[in-house]
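Each chain is listed here by its residues.
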Amino acid sequence: MASITLKDLVKTYGDVEVLHHVDGAIEDGEFIVIVGPSGCGKSTLLRMVAGLETVTSGEIRIGEKVVNQLEPADRDIAMVFQNYALYPHMSVRENMAYGLKIRKIGKAEIERRVQEAADILEIGPYLDRKPRQLSGGQRQRVAMGRAIVRNPQVFLFDEPLSNLDAKLRVQMRLEIRKLQQRLGVTSIYVTHDQVEAMTLGDRLMVLNGGYVEQFGTPIELYDRPATLFVAGFIGSPSMNFLPATAGGGALILGNGASLQGAGHASGSVTLGIRPEHLLPDENGPIRVSVQLFEQLGANTLVHGVLEGTETDVVASLPGHVSADPGTIMGFTAPAKDLHVFDPATGRRVEE
Amino acid sequence: MIENRPILNIVSHVVLIFGVLIVALPIWITFVAATHDPVRMTQAPIPMLPGGYFWENFKQTLFGGGLSGTETAPVWRMLLNSLFMALMISFGKIAISLLSAFAIVYFKFPFRMGFFWLIFITLMLPVEVRILPTFEVVADLGMLNSYWGLSIPLIASATATFMFRQVFLTIPDEMLESARIDGAGPMRFFWDILIPLSRTNIAALFVILFIYGWNQYLWPLLITTETDMTTIVMSIKQMLEAAEQSPQWNIIMMTALLAMIPPVFVVVAMQRLFVQGLTETDK
Numbered sequence: 001m002a003s004i005t006l007k008d009l010v011k012t013y014g015d016v017e018v019l020h021h022v023d024g025a026i027e028d029g030e031f032i033v034i035v036g037p038s039g040c041g042k043s044t045l046l047r048m049v050a051g052l053e054t055v056t057s058g059e060i061r062i063g064e065k066v067v068n069q070l071e072p073a074d075r076d077i078a079m080v081f082q083n084y085a086l087y088p089h090m091s092v093r094e095n096m097a098y099g100l101k102i103r104k105i106g107k108a109e110i111e112r113r114v115q116e117a118a119d120i121l122e123i124g125p126y127l128d129r130k131p132r133q134l135s136g137g138q139r140q141r142v143a144m145g146r147a148i149v150r151n152p153q154v155f156l157f158d159e160p161l162s163n164l165d166a167k168l169r170v171q172m173r174l175e176i177r178k179l180q181q182r183l184g185v186t187s188i189y190v191t192h193d194q195v196e197a198m199t200l201g202d203r204l205m206v207l208n209g210g211y212v213e214q215f216g217t218p219i220e221l222y223d224r225p226a227t228l229f230v231a232g233f234i235g236s237p238s239m240n241f242l243p244a245t246a247g248g249g250a251l252i253l254g255n256g257a258s259l260q261g262a263g264h265a266s267g268s269v270t271l272g273i274r275p276e277h278l279l280p281d282e283n284g285p286i287r288v289s290v291q292l293f294e295q296l297g298a299n300t301l302v303h304g305v306l307e308g309t310e311t312d313v314v315a316s317l318p319g320h321v322s323a324d325p326g327t328i329m330g331f332t333a334p335a336k337d338l339h340v341f342d343p344a345t346g347r348r349v350e351e
Numbered sequence: 001m002i003e004n005r006p007i008l009n010i011v012s013h014v015v016l017i018f019g020v021l022i023v024a025l026p027i028w029i030t031f032v033a034a035t036h037d038p039v040r041m042t043q044a045p046i047p048m049l050p051g052g053y054f055w056e057n058f059k060q061t062l063f064g065g066g067l068s069g070t071e072t073a074p075v076w077r078m079l080l081n082s083l084f085m086a087l088m089i090s091f092g093k094i095a096i097s098l099l100s101a102f103a104i105v106y107f108k109f110p111f112r113m114g115f116f117w118l119i120f121i122t123l124m125l126p127v128e129v130r131i132l133p134t135f136e137v138v139a140d141l142g143m144l145n146s147y148w149g150l151s152i153p154l155i156a157s158a159t160a161t162f163m164f165r166q167v168f169l170t171i172p173d174e175m176l177e178s179a180r181i182d183g184a185g186p187m188r189f190f191w192d193i194l195i196p197l198s199r200t201n202i203a204a205l206f207v208i209l210f211i212y213g214w215n216q217y218l219w220p221l222l223i224t225t226e227t228d229m230t231t232i233v234m235s236i237k238q239m240l241e242a243a244e245q246s247p248q249w250n251i252i253m254m255t256a257l258l259a260m261i262p263p264v265f266v267v268v269a270m271q272r273l274f275v276q277g278l279t280e281t282d283k
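If you read the protein sequences in the order shown, they are chains D and Z.
Counting along the first sequence from 1, when you hit position 229 you're at 229 in my numbering, and nothing is skipped either side.
Counting along the second sequence from 1, when you hit position 226 you're at 226 in my numbering, and nothing is skipped either side.
None of these hints come from the bench; they were simulated from the model.
Predicted, not measured: the structure shown is a model, and the values here were computed from it.
A hint or two may mislead.
Unchecked claim - Distance condition first, Cα-Cα at most 20 Å in a straight line; then the derived EDC-like pairs of lysine to aspartate or glutamate:
#1 D:Lys107 to Z:Asp140
#2 D:Lys104 to D:Glu122
#3 D:Lys101 to D:Glu64
#4 D:Lys336 to D:Asp281
#5 D:Lys101 to Z:Asp192
#6 D:Lys7 to D:Glu53
#7 Z:Lys108 to D:Glu27
#8 D:Lys178 to D:Asp119
#9 D:Lys130 to Z:Asp37
#10 D:Lys65 to D:Glu94
#11 D:Lys65 to D:Asp76
#12 D:Lys178 to D:Asp324
#13 D:Lys178 to D:Glu116
#14 Z:Lys59 to Z:Asp37
#15 D:Lys104 to Z:Asp192
#16 Z:Lys108 to D:Asp128
#17 D:Lys104 to Z:Asp37
#18 D:Lys101 to D:Glu111
#19 D:Lys167 to D:Glu122
#20 D:Lys104 to D:Glu116
#21 D:Lys101 to Z:Glu177
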């Protein structure tokens, strides 16, 4: 078990800088999810921790040891790849034992550890099969088994669930979480799926364009997104952004409607309201011209535009709601659920 | 085409049988000629049905002096020479190409692509083109009339290097990364992962290269002067001219028949792997 420290980490390919001065302190036993859109550098960051990519500048520490120059095998890590990267010509048992065999661990000890990992992951019956004879979920387990038998200080997951179907993904997500809690191994998990990120991580690092947008617990990110990007990325359906003018504690929307709760902001701002925070209220200030409804069963998504403007608005209402397109619906939002951002910098305007 | 029309079935069978007959006829004549006595073979027309001298011819060809009145090596010796040469060529080519493809695909060194193209343009220089300089080199190294001389100049192979490069490129990078995390060094990765994953390709290449080596004619003809080192393919031609009298077709055809057996055996034995190796893309 170990902590991981990233200090001023930079990665360049040729002249292109893909990671810009990333800092982060990960505590022993923590489950960290790095999340962001494709090409944001999240996999690169993970691979730098794994030792598969060189570090251009900065420092990576696992425990107290600086590992910048160490080979992956010497960093005491285990990695689960997106396509599992199981050796196709070896049986499940051999796949799991391979790393131990290279480390010259005794036969009996290898057998014991493989058996133990197989028990944890319930893959005992498949130990003598080849990877191609297994289903996607089983391969996934084998890939995790290969990580577990090593008893590493750090687990690294590179989008391990993205090749599975939706239902299995939810199930495996829970299993990974349980497993990590049981073993208590510091883990870094990369994904582009914000739901996965929210449910798995003790803390989330949101990356965008090689910058860390925010690093915090899922609830922090949801309640107080630091930037427009985080606000739009975390939460589903994503946050509504309405251009507004702030002044004297009030917000004036594009169509002239006024809301309370601007804090200290003034001038032109971007107002963010989550769809689930829009409460139906016939006399509410936010008037939406309805275009269509999406019925999800437990709740209904109302799509429309802010009356008199072109700004799209989505509201999530509990239960079944329906109305004719073109109807005007009124909404209010509690002042605590309003997020005010500076449109120029994209940063949150603090209250 | 998957169609159920009886006429079409008959027509396609006729076409196929006709094709088989054309291909098989020379082999049949070879076999028939190897079963007659020498006198019958000099009379026209040539026989189309087997005679009764198969075992006599077989024994005389394989273990006897072969052709009467000449100084060729016994055929078993030639078969052995050919076998050694073909095996050395195929194993040598496979080993060298595997290693060079490994270097080109998995290591970053200066002029990597330059080396690759350098290997690639040797495709334009088969042994026939560089035969005199190569002979000079082999002669200077004192390798005339030896198995080394027979095989080494033919071992370098751009085709096989290229093929293994393509095979290695289809192996996902994660395999290498996973092995690195498992702690496997380069040679360990090569032995434990790359070789098993290219098993079928190696087998397919072995079949092709074995036949290539077995069928070598010009090069052995040039560098072997001792009868003990002659290979079977070149000596069939020599047998035609060797004897003073008219060609002894029964013995020559029996030799040809024997010369066919090892390549056929290799193809038949490795057929399944051969087809897999050339068609399989799933890694």
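Here is how each hint holds up against the structure:
no. : hint                 : result
1   : D:Lys107 to Z:Asp140 : violated (53 Å)
2   : D:Lys104 to D:Glu122 : violated (26 Å)
3   : D:Lys101 to D:Glu64  : violated (27 Å)
4   : D:Lys336 to D:Asp281 : holds (17 Å)
5   : D:Lys101 to Z:Asp192 : holds (12 Å)
6   : D:Lys7 to D:Glu53    : holds (16 Å)
7   : Z:Lys108 to D:Glu27  : violated (36 Å)
8   : D:Lys178 to D:Asp119 : holds (15 Å)
9   : D:Lys130 to Z:Asp37  : violated (58 Å)
10  : D:Lys65 to D:Glu94   : violated (31 Å)
11  : D:Lys65 to D:Asp76   : holds (11 Å)
12  : D:Lys178 to D:Asp324 : violated (46 Å)
13  : D:Lys178 to D:Glu116 : holds (16 Å)
14  : Z:Lys59 to Z:Asp37   : holds (13 Å)
15  : D:Lys104 to Z:Asp192 : holds (15 Å)
16  : Z:Lys108 to D:Asp128 : violated (37 Å)
17  : D:Lys104 to Z:Asp37  : violated (68 Å)
18  : D:Lys101 to D:Glu111 : holds (11 Å)
19  : D:Lys167 to D:Glu122 : holds (19 Å)
20  : D:Lys104 to D:Glu116 : holds (19 Å)
21  : D:Lys101 to Z:Glu177 : holds (17 Å)
In the structure shown, a violation is registered for the earlier hints numbered 1, 2, 3, 7, 9, 10, 12, 16, 17, in ascending order.
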